[in-house]
Structure formats: C-alpha cells, structure tokens
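Novice: Okay, here's what each chain looks like letter by letter:
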Amino acid sequence: MAARIRDLEWATTPLGPIARWPDRLKVMVEQVLATPLVSSLVCGPARVLIYNDAAARLYGDRHPGALGHPLPDVFPEGWATVAPFYERAFAGETVQVTGQPLDTRGEGVRADMFEAWLTPVRDVEGRIAYVHMTGHEVGDRARAETALRESETRHRLLIESWAQAVWETDADGVVVADSPSWRAYTGQTLEEWLGYGWLDAIHPDDRACAERKWREAMAVRGLVNAEFRLRAPDGGWRWTNVRAAPVRDPSGRVEKWAGINIDIEARKQAEAALRQSEELRRIALTSGRMGTWRWDLRDRLIWGDAAFLDLWGFPPSDEPRGLADFTDRMSPQGQTEMGEIITRAIAAGEEFDGQLAVVDGPTEGRWVRWRGRAERGRPWIVNGVSFDVTEQRLAEERLRASEERLRVLIEGMPQLVWRAVDDGHWTWASPQWTAYTGQSDADSHGRGWLEPVHPEDREVARAAWSRAVEAGIFEAEYRIHHGPEQSYRWFQTRAAPVCDEAGAIVEWLGTSTDIDDVRALQVRLEVLVRELQHRSRNLIGVITALSNRTIGRGSPVESFTIRLKALSRAQALLSQSGSDTVAVEALVRAELAAHADGACDRVTVGGPAVMLTSEHVQNFALALHELATNAVKYGALKEETGRLSVTWDVIQAASGRRLALEWVESGVDLEPETVTRRGYGRELIEKALAYALGGSTEYVLTAGGVRCRIELPLV
Amino acid sequence: MLPQPKAVASTGWLEPEKLPVSDPVPALSGRRVLLVEDEYLIALDMEHNLKQAGAEVAGPVPDAQQALALIETVPVDAAILDVNLRGESVYSVADQLNAHGIPYLFATGEVQIADRSDYRSRPKLEKPILVDELVRAVGRLMRN
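Protein chains in written order, with my numbering: chain A, 1 to 715; chain B, 1 to 144.
Rather than coming from a laboratory, the hints here were simulated on the basis of the structure. Every residue gets a Cβ at the ideal spot worked out from N, C-alpha and C, and that includes glycine. Just to be clear, a hint being listed does not mean it is correct.
[Unchecked claim] With a Cα cut of at most 25 Å, we get these calculated DMTMM-like pairs of lysine to aspartate or glutamate:
| # | chain 1 | residue 1 | chain 2 | residue 2 |
| --- | --- | --- | --- | --- |
| 1 | A | Lys268 | A | Glu211 |
| 2 | A | Lys687 | B | Asp63 |
| 3 | A | Lys256 | A | Asp178 |
| 4 | B | Lys124 | A | Glu615 |
| 5 | A | Lys256 | A | Asp170 |
| 6 | A | Lys256 | A | Glu192 |
| 7 | A | Lys638 | A | Glu683 |
| 8 | B | Lys124 | A | Glu526 |
| 9 | B | Lys124 | B | Asp77 |
| 10 | A | Lys213 | A | Glu271 |
| 11 | A | Lys268 | A | Glu278 |
| 12 | A | Lys687 | B | Glu88 |
| 13 | A | Lys633 | A | Glu683 |
| 14 | B | Lys51 | A | Glu686 |
| 15 | B | Lys124 | A | Glu531 |
| 16 | A | Lys687 | A | Asp649 |
| 17 | A | Lys633 | A | Glu686 |
| 18 | B | Lys51 | A | Asp200 |
| 19 | A | Lys638 | A | Glu686 |
| 20 | A | Lys638 | A | Glu698 |
| 21 | A | Lys213 | A | Glu192 |
| 22 | A | Lys687 | B | Glu56 |
| 23 | A | Lys256 | A | Asp172 |
| 24 | A | Lys633 | A | Glu615 |
[Unchecked claim] Incomplete in silico selection of chain A near chain B, CB under 10 Å:
| # | residue |
| --- | --- |
| 25 | His534 |
| 26 | Leu689 |
| 27 | Leu693 |
Excised from the complex, chain B in its bound form:
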C-alpha cells in the first residue's frame, strides 16, 4: 500500500541497540500483523520495523472503520492498536479481534485504557515505542 522502503537496519536514536545479529531468522517471520495507527509518520516507522523483523503488515490504517474491513478480508495473526484514533477509540476493533480470537496489544500515548478488564489485561506499549520492545511484544502475543 505504501512505498516499500529500502531494507536498512533501524538506527533510531532512541534505540541505540541493533536487532540481535545472532538471530538469523527474523522474529516475526511469516506472520501477518495488523497495524492500526492514525499518525502517518509513526505508522510508517512501525511498519518498517515490523517488516524488518520479518512480518507482513496488514495496513497500516488510520481508523477503526478501515481496520474492521481489513480484519474481514485479510487473515491476521496479531494486531497492534493505537487507542485514540482522531478522537475515536479503537475498542470496536479490539472487540472484533477478540471475537476472532486474534491476539492484540495496545500501542498508545494514552495514560488510561478504558476501564474494562479484558482491555486492561492486554499488553500495553507506551509511546514512544522502541523497536525491540515492539517486536518482542508482538512475538509474545503470538506465542501465547
């Protein structure tokens, strides 16, 4: 959907560590991850990082409507959800993922996750999100 960036290892200055070079097989190899994030630059960056880790990315999409449509059309192994999408919340997407038994995590700048135990029990990554952190968390999602 978006121009394919060149395969360059992430050198984000917030993340001085490089991906472990000792791991020859990318961590998320062969998995498709849905990415819901309304901020274009962030979405682009995360997409890049996920692909670097071997994942296929469904999206990124900036709103719940597009995300819901995507879930119904593309098989997804896991999802990364920004909570606040231009003032609209992502919980409808979460519920849909739940219904499909697809694991997900929240990647958010929000302080609070809606007061519902099934949301609260989900992993939560707080922005800004480090590359390593993201990849590990998504990997854990699918192992469980």
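So here's chain A without its partners, still in its complex pose:
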C-alpha cells in the first residue's frame, strides 16, 4: 500500500505532490499504514481519502480507485450516513461510530458493520486539516449475535409450542430458579418447585425411577430422556416426557442443566388403545382360527403364527416349515394349485385367494381359505392370512343342496308352479305350466297366464286376485286349458305372499293343482250318495211291506225274519262284489247254503257265468229263497231221496237276451195239501219277478216235485 501511495500522481489531487506535503501529513500516513486495524486519513475540505491494507480489503472493488479521491465520491451511497460524523470530527470532536453499516464491497468478507473512532488532526497552524479513522469490523460478531437471538427466539417459540414446562437447575441438578411454565403445568408453588420439590409432582409409582434416572444423568453428564406421570393442576396424572441436557461453559464445565417437559398423555392413551386393539385383534385371529404367514417362494419356506400352524395341525413354532409339510396334507387339487404357483413367475403385488381342503393330519376335513399378496419389492415373498371356512362351506353346501332339493321338488311336483307380483302379474312359470298349457314361460308373464284360463272363469281368477292382497292369500278354482288334449280341466289355484322383513309383500308363490278328477269323483260321489239314499229308502220300504204282509197279517214272526235274512244275503253279495252286480251262481249257492247245507250231494248247480244287476238281485234272491224254503219244508231237500237241479243259460228272445233258470226237483213224494197251496211265497215267485223285472215264471208241480222256470230279461 505504501508503494501505491508513493507512486500515485498526487499532483492532480488537492493534496499536491508528495514532495510538497507537510511533515504532519507524512507522519499520519505512516501511522495509518502501520496499524493492523482498519485505518484511513480523510484530508482537507475535499475529504481526500488515504487508507491502509486492512481498509483496502474492506473496500473491495473500490480499491485501489478510492486512493487519493474524495470520500464522498468513493462512497456516494454511504456518505450521507457518515458525513455528519466527519463534520463533527472536522469540527474538533473525537467521534465514536458504532454498529454502522458500511457499504463495502469486500470479496469473501461481509464487513458491513463497523465500529470506528474518528480523531481530528491539526496542522501546524492549529487548524483541523485531517481526520484519522481507526476501526474494526463488527459485522461477523453482530451477525452471530443476531442469529443467536433469532435462534433463541425460534427455539423458545418451538419449545413453548410443544413443551409444557421449561426449566433450569444448577450444575448439581438442584432447582434454584423459578419456572412459571413448570408451576403452571404441575400446579406446584415456587416453594414446592425449588430444590428437589419437583419429585413430589411425580406419580409415586414413577418417582423412584425418575430420581434414579436424574442422578444417573448427573453422574455421567448425559442427556436425560424419561417418561413418567406428573401431577396435573386438576389433581389427575398426565404422562410427560422430560428431556434435559447439561449446559457447559467454554471450558467444558457443566454450568447448569436445562430441561423441558413434553406432555405425552394423548400419545400414551393412543398407545394403550392400540395395545388393546392389537390384543383384540390377536384374540380375534386366534378364536377365529385366522392365521398370518409369510411364504418365501424361492426356498419354499413358510413362517406362520400359531393360529396358522394350528389350521394345518402343526404345533406353534418360530421356525419356518417347508411347503411340502403343507402340501402333504392337501387334497390333490390343492397340491396342483401350489405346484403351479411355485413354478411360474409371480408379479409384484399379485394377489392370491384360494381354498384348500385339509385331507390329512389332526385338522383333516377342514377347509382353509388363504389370501395373500406378493410384496412389491420382493415378489417372491408372499404375505397373507388363512382362516377356517369349513362351516361356511358346509353352510353353502347345505344351501345349495336345499336349493337343489327345492328345485327338484318344484319341478317334480304335479302342480303348476308360478311366481307373481302385485295383483297377479306373473314373473315366472314352472316347466309344468308350459308342459300342461303349451304356453311358454315368457308368454305367461304379466297377465298372459289368463289366456289358457277358461273364458268363463277369467273373471273368477281376476276377482280372486283383487281379494288376495287384503286376505293375504290367493285361492280360486278355475279351468285351465290342457294344450296336448285340447280340453279344459279344473284346477285349484293357491298362492301365498312372500314378505320381506318389514312384512311387505315381495311376491307371490303359487301352485295350481289339477282337481279335475277330484271334481269328477265328487260328482260321481253325489250320484252314488243319491243312489244309496234311494236304495236304502226303497229297501226299508220293501221291509216295511214284507212286515205288513207277514206279521201284519197274523203270520208267524219267522215268516218275516227268514225273508229279511234272504234280503240281507242278497245285499251282502252286492256289497261284496263291489261292482254292484252278483253272479247267478253265487246267488243260488248262497240260498242253498242257507237252507240245505248238508244236502250238497243231492243238489246239482250249473250254468254259465251271468251277472245280475242290483235291480234284479233283490227280487231274484227272494224268489230263489221262496223256492228253497219250499223245497226244505215240502220238497226235494226235505227227504233223503229228493234231488234238486238248478241250471241256467242265456237265451236269445225277440225282446233281447234273457236268463232262463230251471229249478227241477225229483224224488219227492208230494203230499196232497201242498199241491193246492198258493201262499205268499208262491206269489212272490210268480208275481214279483213279473211285475218288477218283466220276467216270466212257470211254476208247476209234477209227480216228482216242483219244476220252476224263471226267465228274466238281461240288460
């Protein structure tokens, strides 16, 4: 710098050439150059600047141009700030300038803060000719102090935002200073807080532990980080995290301890809740037989928890098991599935979901569902869960079976089954409906089903629907057209509503049952009942008449009862046959058996099979009865010598087929009085058949006994 000053062309400056400089100026310049401090000399009214190396460093790119130039020209921006100081100095005052920012352009250094002394320097005449400035940079220190202040502010804000208490102790850990935040957090008074009183604010269960940790930290001068419960102003306990650190002086000695308390009550509660939920989850996994596992496809090892291993009948273990352990207990299908997985490429994140049947081991018969996902980064690792779905599968199978049974039942039942909504809008018709009517399921939908209903019955069906919703049941009988036979048959149709849980009708399920045969049977039954009425009333009429003609006219009671028995036998034969007809032979033999049981060898019975209707039977039987009783009393069946031949045949006459029956007795020694006898019995034989049946009777007495020929028209 001295060389620059020497070499400068001072002649062009207000100071003139160096050779003409006064001695005082020369001494001051030497002094400026000699000091290590930033130093300069501002000369004369022109304020010409001369400065040393330290200043040059601060001036940056203004150096070396600034040398020998007026200060206001060199620092036009900063001059306004420093000019008053220089004015005062030139006025004779020694001026101290502190913390002034200076516009300097020093490279690599930011010496924008400056502290300086301005000292007036007089010439030989005693006038202040120069101002000597010495100064030093304060920029770094000022910045550091500012940064510290700001940092402290930020820390304090930060600490205050999440620390509930901030405090300090002395080097021995004894509280000697107040901490309003501590007192606010704990509710302790200052007296309670000072010393070791803070221990009293800690939960009794945690106190010993807290004190121990504190003393340990003191001993090793380490950090304190502990969690314990601290009394809250409301009397309850809150979890707190205490953090403290020793504060050292520049020599490294512990000056004091600074600490904070962070409230962690919410975190503790969340942790407790999490523990509880994890416990619940663990319980759920265990009791639900849900296991978790990890499967490494490369070495085919599977790590599983106890629940998983239990599913496959293995004891709990931390060691992995080979895939083969599991496939050995799988159905062949499961083995195939596993084999396929381990032999193909697995995509990252690929998901698996399957069901495996356990066919061996303690859990044989169970079904295990497994769901897994290949890891994104390591697709050969599949993580997943497995759980027992046996009950679910059984339920599903039962449901399927039940639905299948229902389907078979519905399609197998003889009824026409259908479903409908609202008031009779069909939504489905069973195959039986289509088979019977020839109408397709689709055509039956809506009101289409009315088409096969007999036109006369459609109103009945519609009316039944309009009643159905209120009655809660649909019931009607109407005719439905039978497609294959092109005829109508009667059906009884019933439907019941299917309701949802709220009780609203969702749809109707209906069946139509063919009751045509039943109805026909009913009609037949009515006819039969009428016929039965007619017949039984007639029979009673006949009995009444018999009674009147026998007992009523003084005949012995036996003459009535014996004929009543004959009527009974005829009725019995009718009811036995079930066809309302009786064979001639059966009638003949029944009559003979009733009267001449022991005379079979003397009786000949023979003829073709001829059936008599119920109309014939009663009178025919009575006629045979009269012939038989007569033979027992007086004729062929009375004496051992008598012979009886009963034969019949069917003959063709002009009026049609007739039955011709010959009753021929022989070997009978007729008594004279019987020859002329024409009693009620003979009347029955001769008249009744003629009257009622249009028959004819020829009754003669010959030398050997009775000969009777009966002819009856056959229907």
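Chain A is fixed; fit chain B onto it per the hints.
Specialist: Just chain B now, with coordinates in the frame of chain A:
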C-alpha cells in the same frame, strides 16, 4: 190285477197308530188313485193301504209306459208317483197328469226332485212312507 188281500187293518210296525176309528167313512172313498211304483212289495203294500182308505187303485204299474197308457184308458182322480223307475224318471207321467189337470204327489226315495218349479212345488212323500201320511196327502191332493 193283483190278488185281493183280505181286509185287515194295517198294523205296520213303522206306524203304530191305527187309522182313526172315529172316521166311519173311509177318507178316499170313491176316488180312483193311480199308483206308479216299481218295487213290487212296496206297490203291493201301498195298494193295500189305499184300498183300506176306500180308494180304488189304478195300477200299480212299475214303469212310465204302463202309467201313461193307464191315464188314457181309466179316469183318475189323483196319482202317486215314484220318481226313479228302474233308472227311468217318472216326469213324462207327471207332465201327462199335468196336461189332464190331475193332481199328483211324489213318493220317493230320491233326495232331489228334478229342478223344475212345477215338479218342486208338488207334494213329496219320502220313503219309507207311513200309511197315515199317504192317505192324508192323497186326500189333500184331491181337496185342493
């Protein structure tokens, strides 16, 4: 037509009461009643009872054909008709009687009389028929 039975008072066990002895003049005296009944024994019994009551009996006949013939040949004051005659109904006879203005009643074991108002409005006796009942009903027929 049929052998005349002896005049013996009816002692039918279904009818313990005897005809009123206080009535000296038989109820149906001098009247001819057509009897159509297919059951011989019943026909015989009814004929007997009617005669006991003083009536003359036309018939009995067992079928409609004979009944119709009889109506045309013999004057008849009233008729007793069995409805079911061997499966054939008696209504043709009823119609003929109607045409002649001859009153009649049904004596039947049938539950139902054909659904025609003129048949339904006729008196109906249900079998078994009591003697008294028969005579009274026939008497009423002719009074009306």
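Novice: Can you verify the interface hint for A/His534: is its Cβ closer than 10 Å to any Cβ in chain B?
Specialist: This hint holds: A/His534 lies near chain B, its Cβ roughly 4 Å from the closest one there, short of 10 Å.
Novice: Measure nothing beyond the straight line between the CA atoms of B/Lys124 and A/Glu615; if it is 25 Å or shorter, mark the hint as holding.
Specialist: 24 Å, holds
Novice: Is the hinted pair A/Lys687 and A/Asp649 satisfied, with a Cα-Cα distance of at most 25 Å?
Specialist: It holds: about 22 Å lies between the C-alpha atoms, which stays within 25 Å.
Novice: Within 25 Å, alpha carbon to alpha carbon, are A/Lys256 and A/Glu192?
Specialist: Holds, at about 20 Å.
Novice: Between A/Lys638 and A/Glu683, is the straight-line Cα distance small enough, at 25 Å or below?
Specialist: 22 Å, holds
Novice: Regarding the hint that A/Leu693 lies at the interface with chain B, is the smallest CB-CB distance below 10 Å?
Specialist: 9 Å, holds
Novice: Are the Cα atoms of B/Lys124 and A/Glu526 separated by 25 Å or less?
Specialist: OK: B/Lys124 and A/Glu526 at ~21 Å, within 25 Å.
Novice: Take a quick look at whether A/Lys633 and A/Glu686 sit within 25 Å of each other, Cα to Cα.
Specialist: Cα-Cα ~19 Å, so holds.
Novice: For B/Lys124 and A/Glu531, compute the direct alpha-carbon distance and say whether it is at most 25 Å.
Specialist: 18 Å, holds
Novice: Tell me if the straight-line CA distance from B/Lys51 to A/Glu686 falls inside 25 Å.
Specialist: 23 Å, holds
Novice: Verify the proposed pairing of A/Lys213 with A/Glu192, using a straight-line Cα cut of 25 Å.
Specialist: 21 Å, holds
Novice: Do the alpha carbons of A/Lys268 and A/Glu211 lie within 25 Å of each other, as the hint requires?
Specialist: Status holds; Cα separation ~21 Å.
Hints 18, 24, counting from the list given before, are not met by this structure.
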